[in-house]
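Please construct the entire structure, taking both the sequences and the accompanying hints into account.
Taken in order, these protein sequences are the chains called R and L.
Mapped onto our numbering, the consecutive letters of the first sequence carry residue numbers 1 to 294.
Mapped onto our numbering, the consecutive letters of the second sequence carry residue numbers 1001 to 1366.
Since the hints were made in silico from the structure, they are not lab data.
Only a predicted model underlies this, so the values are computations on that prediction, with no experimental measurement involved.
Backbone N, C-alpha and C define an ideal beta-carbon position, used for all residues, glycine too.
Don't take each hint at face value.
[Stated by the list, open to error] Label pairs and their in silico Cβ distance ranges:
| id | chain 1 | residue 1 | chain 2 | residue 2 | range |
| --- | --- | --- | --- | --- | --- |
| 1 | R | D160 | L | F1362 | 36 to 42 Å |
| 2 | R | S147 | L | E1092 | 21 to 27 Å |
| 3 | R | P124 | L | F1362 | 39 to 45 Å |
| 4 | R | W251 | L | G1061 | 40 to 46 Å |
| 5 | L | Q1214 | R | D67 | 43 to 49 Å |
| 6 | R | P124 | L | P1130 | 34 to 40 Å |
| 7 | R | S150 | L | D1260 | 56 to 62 Å |
| 8 | R | S132 | L | F1114 | 21 to 27 Å |
| 9 | L | G1061 | R | S122 | 33 to 39 Å |
| 10 | L | W1136 | R | S150 | 52 to 58 Å |
| 11 | L | E1092 | R | A271 | 55 to 61 Å |
| 12 | L | Q1214 | R | S213 | 44 to 50 Å |
[Said to hold, decoys possible] Which bits of chain L does chain R cover? Going by a derived footprint, with three or more residues having C-beta under 8 Å, they are:
| id | stretch |
| --- | --- |
| 13 | 1103 to 1110 |
| 14 | 1173 to 1182 |
| 15 | 1211 to 1219 |
[What the hints assert, rightly or not] Sample of chain R residues with no beta-carbon within 12 Å of chain L, all distances over it, derived:
| id | residue |
| --- | --- |
| 16 | T83 |
| 17 | T174 |
| 18 | L212 |
| 19 | P224 |
| 20 | G244 |
| 21 | P258 |
| 22 | E286 |
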Amino acid sequence: MGRDADRPDAERPGDDEVDDRGIGSRELVVAAALALAVVAATAAFPAAVDARAAYEIPVEGQSSAGDLAEPTGDAWESVETVTVPLSSTGAAVPGGADTTVEFVRVGAARTDERLYLRLSWSDPTANESTGSLRAFADAAAVQLPVSSESRPPIAMGSTDERVNVWYWNAADGTESLLAGGAGSTTQMSESAVETTATHTGDRWAVVFTRPLSADRANVTDVDPDQDVNAAFAVWEGSNDERSGQKAASEWYYLSLGPAEGGPPYETVLWALAGIAVVFTTLVTVEGIRRTRGE
Amino acid sequence: MSKTTDDAVRQADEAARQTDDGDVPLAEGVDHQVAMVMDLNKCIGCQTCTIACKTNWTESGGREYMYWNNVETKPGAGYPRDWEEMGGGWDEDGQSRTPGQLPEQEDYGRAWEFNHEAIMYEGSDEPLRPMENADWGPNWDEDEGTGEYPNSYYFYLPRICNHCTHPSCVEACPRSAIYKREEDGIVLVDQDRCRGYRYCVEGCPYKKVFYNAQTKTSEKCIFCYPRIEGEGPEGEVRPPSCAEDCPPQLRHVGFLDDEDGPIYKLVNEYEVALRLHPEYRTEPNVYYIPPFAPPQTSESGETVDAERIPRNYLEELFGPQVNEALNTINRERDRVRQGEESELMEILSTVNNDDQYRLEVFDDGA
Ligand code: SF4
Ligand code: SF4
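Below you can see the structure in the form of structure tokens.
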């Protein structure tokens, strides 16, 4: 509809429209009924629409883990993937604004016990070593608030609102980190986070997995019935990316909460309501024109 | 890398200020500052200091290529190769850091494998040599120097981390993993906090922080702090190994703010001990007595009245103050030649270790 409204030859309300005496005509009733019907139809067939809210990462419940721990596992085929845009954080380190990876695709699944996150991104060069003086490894991370209801400052949280970081790099594997602001990142011992990574063609795919429940303090306790915020970052080793020189996302959320009536579906309804309002207006205008016999 | 007049004026002012009120500026939050003065006129390039350091700290475990103490021939490319061209340090206002480079492994040189096995045990009669193509390494250009015969010249420059007052390595670390120790200003890398980002390696203009590719952390000279704390041999307070093991004993070790000590006198009173590349503005605490060389000779072998080491080269290394420093030393030498006393010459020619190493002056909780 937006395109029509923009067209120069589209019918537009004239100045005399202010004088509204035609409202309530038969056409309007029809339009309203039509809009209602669309809304009702959408309510009845939610699956017919790509029903994902902005910033949502749907988490697919699976009865058994199967091969979810494998980045190439069949179990991932049914899991919806969200393309998350990344941009440099502009951190105050040399090259802080110079990052290369622009998108990461994120899929999420869970069993009753574990959460699985699969990150994949385009990277033609696999940089798998930090074992020489100028080598930096490709890396990726997932950031979660320590307190699962909170939404800490995106850049590594703050002293009051700390974050957990699940960190993987292609040379040294997995680390579980705790941070309360930029520069405060500390490695936690005995991480429960596990990763598996593959580089095929020109993409990395990494699965991060961890038991849902926290095994101790300062670890995000993932409640299977409650959404939790999550952010993502990728480092391109061949561009010497490390530390704050990273391509990072905004806060997204893992939608673990009740599926129906949750944020995504609401968004669809609001969008449709918007369409209905515009449609109604157009029909009304047309009705007025006709009433005037133009 | 050349110095501006403004710079010279500012530094002269600073030096004057130090002398006038006897107050040595230390880094913020630092109680005292360790310092070292090396007399370049005494260095014979024997590398005993290099090996003393290496056997103590960098023999293995990813440190094979590291020389926390190295001795390079000047003029020369140094270690790592062309380190003076690699940036780092601070810009002219001393507020923002100058971008620096990460040296390549080849710039440091590799720890070569030699054909010892073949020669010692298999009866081979080839010459002893590295088994891989060796085309660069520390001291590759040793004793080459520059200039035309018979007036060629070179001298040795021993280098350690300068434990700077305004260290750009510290500023470069986004994690504060590298820091200046409160009690004596020694610059250390906290191995637990370091995540191997190597910003400090890029940031140090003297290239005295080294990345250990095995531990995945950066490492550097620790000024032998266990020795100066009395944790070394026989539980005594000892100077760093590079100083103690030097055959000609050319180093003074102590505190910059020990106003009765020789370092304070050489640096602040006589102003004959100078910082290497003061224009990097990290304010090093290793100071050098600039080198003298025999005068030039003519083709026929006559001594001519011209300095062998060009002044502008010494200025490039030590700043314009080198002129005044050389004049002062010349003046004091003349006094000694005429049978007069010279405190400066006594300090520079002492053979008494108690005068050279003053590390316990602040031990009473000062
Ligand atoms: S010499 Fe380099 S490593 Fe040592 S304190 Fe100065 S800037 Fe840091
Ligand atoms: S031990 Fe002394 S003389 Fe020998 S190279 Fe080192 S500083 Fe020079």
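Now the hints, each set against the structure:
1. R/D160 to L/F1362: 36 to 42 Å: Given range 36 to 42 Å: holds, Cβ gap about 40 Å.
2. R/S147 to L/E1092: 21 to 27 Å: Between R/S147 and L/E1092, where Cβ atoms are some 47 Å apart, the hint is violated.
3. R/P124 to L/F1362: 39 to 45 Å: violated, 58 Å
4. R/W251 to L/G1061: 40 to 46 Å: holds, 41 Å
5. L/Q1214 to R/D67: 43 to 49 Å: violated, 35 Å
6. R/P124 to L/P1130: 34 to 40 Å: Holds: the Cβ-Cβ distance is about 36 Å, inside 34 to 40 Å.
7. R/S150 to L/D1260: 56 to 62 Å: holds, 58 Å
8. R/S132 to L/F1114: 21 to 27 Å: Holds - the Cβ-Cβ distance for R/S132 and L/F1114, about 22 Å, lies within 21 to 27 Å.
9. L/G1061 to R/S122: 33 to 39 Å: Since the Cβ atoms of L/G1061 and R/S122 sit about 37 Å apart, the hinted range of 33 to 39 Å holds.
10. L/W1136 to R/S150: 52 to 58 Å: holds, 54 Å
11. L/E1092 to R/A271: 55 to 61 Å: Since the Cβ atoms of L/E1092 and R/A271 sit about 57 Å apart, the hinted range of 55 to 61 Å holds.
12. L/Q1214 to R/S213: 44 to 50 Å: Hint violated: Cβ distance 37 Å, outside 44 to 50 Å.
13. 1103 to 1110: holds (count 4)
14. 1173 to 1182: holds (count 3)
15. 1211 to 1219: Three-residue rule met by the stretch 1211 to 1219 of chain L, so holds; n is 4.
16. T83: holds, 29 Å
17. T174: The claim stands: R/T174 keeps its Cβ more than 12 Å from every Cβ of chain L (closest is about 14 Å).
18. L212: holds, 28 Å
19. P224: holds, 33 Å
20. G244: violated, 6 Å
21. P258: The assertion about R/P258 holds, with a minimum of 40 Å to chain L.
22. E286: R/E286 is indeed farther than 12 Å from all Cβ atoms of chain L, at 62 Å.
When the structure is compared with the earlier hints, violations turn up for hints 2, 3, 5, 12, 20 and for no others.
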